[in-house]
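Residue numbers for the sequence shown follow full-length UniProt numbering, beginning at 1 and rising by one.
If you're looking for bench data, these hints aren't it; they were derived computationally from the structure.
You can trust all of the hints, since none of them are fake.
Calculated lysine to any residue pairs in the SDA-like style (CA-CA distance at most 25 Å, straight line): (1) Lys132 <-> Ala91; (2) Lys178 <-> Ser127; (3) Lys166 <-> Leu134; (4) Lys68 <-> Gly29; (5) Lys132 <-> Ile169; (6) Lys178 <-> Glu151; (7) Lys147 <-> Met164; (8) Lys147 <-> Thr157; (9) Lys132 <-> Arg92; (10) Lys178 <-> Asp85; (11) Lys132 <-> Asp67; (12) Lys138 <-> Asp156; (13) Lys179 <-> Val168; (14) Lys178 <-> Arg80; (15) Lys179 <-> Glu152; (16) Lys132 <-> Ser41; (17) Lys138 <-> Gly77; (18) Lys2 <-> Pro70; (19) Lys68 <-> Asn7; (20) Lys179 <-> Gly131; (21) Lys147 <-> Asp85; (22) Lys177 <-> Pro139; (23) Lys178 <-> Phe71; (24) Lys138 <-> Glu151; (25) Lys178 <-> Ala56; (26) Lys178 <-> Ser165; (27) Lys177 <-> Pro70; (28) Lys179 <-> Ala76; (29) Lys178 <-> Val168.
Every value quoted in this text rests on a predicted model; they were computed, and no experiment measured them.
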Amino acid sequence: MKITEENFITQIIQGNEKALEYCMFHYGGLVRAVVRRHLGSLAQFEEECVNDVFFAVWEHADSYRSDKNPFANWIAGVARLKALDCKRRYARHLLELGWDDAGTEVSGRRRTDERTPELAVLENEISEETGKMLSCLKPADRELFWKLYVEEEDLDTVSRSTGMSKPVIYNHLSRGKKKLRSLYGMQQPKGDQL
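Produce the entire structure from the sequences given, and follow the hints as far as they go.
Below you can see the structure in the form of structure tokens.
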């Protein structure tokens with residue numbers, strides 16, 4: 001069967017590797033551009049991130065809805081999310097190394113201060129991306145997401161500070177997650193992560 005723009009998504013869903021090759025050939029430049037733009041100074045992770053994007057397409061092509069947006073927009077959204085995931089993994093890695101080791105690993109020099117400039121830039125980029133993603137939510141919902149998922153406050157603390165009961169918070173989070181999934185084409189993860 002000849003793979004075309006009209007049938008490649010269906011063929012990917014059916015497990016046709018030629019359809020994935022078609023996707024990589026026709027959308028690879030777009031994916032690379034989005035990944036490069038969002039990874040910034042982490043160019044050493046670009047190839048791995050691009051591979052993650054196409055693996056996600058292979059695994060989740062059935063979640064693409066042509067009636068909601070063009071495939072190019074959907075795959076660009078996937079690339080953006082994967083680049084953000086890559087930044088988060090790298091930031092976690094730096095934190096696990098410890099501040100002094102992180103300075104050595106990132107820049108090849110030993111630092112004596114608590115925070116490397118590279119980590120500060122990375123944290124700022126992650127924070128900006130997260131803010132952009134959450135901007136589609138109502139201010140109260142945005143605040144809940146920020147407190148629970150970014151600042152990692154526990155639910156009891158958030159409940160006390162907002163005056164909302166836990167069931168009300170869960171309702172707000174559920175609606176917010178649903179909105180984010182619809183806008184960014186995310187699959188519902190295993191467990192209760194975003």
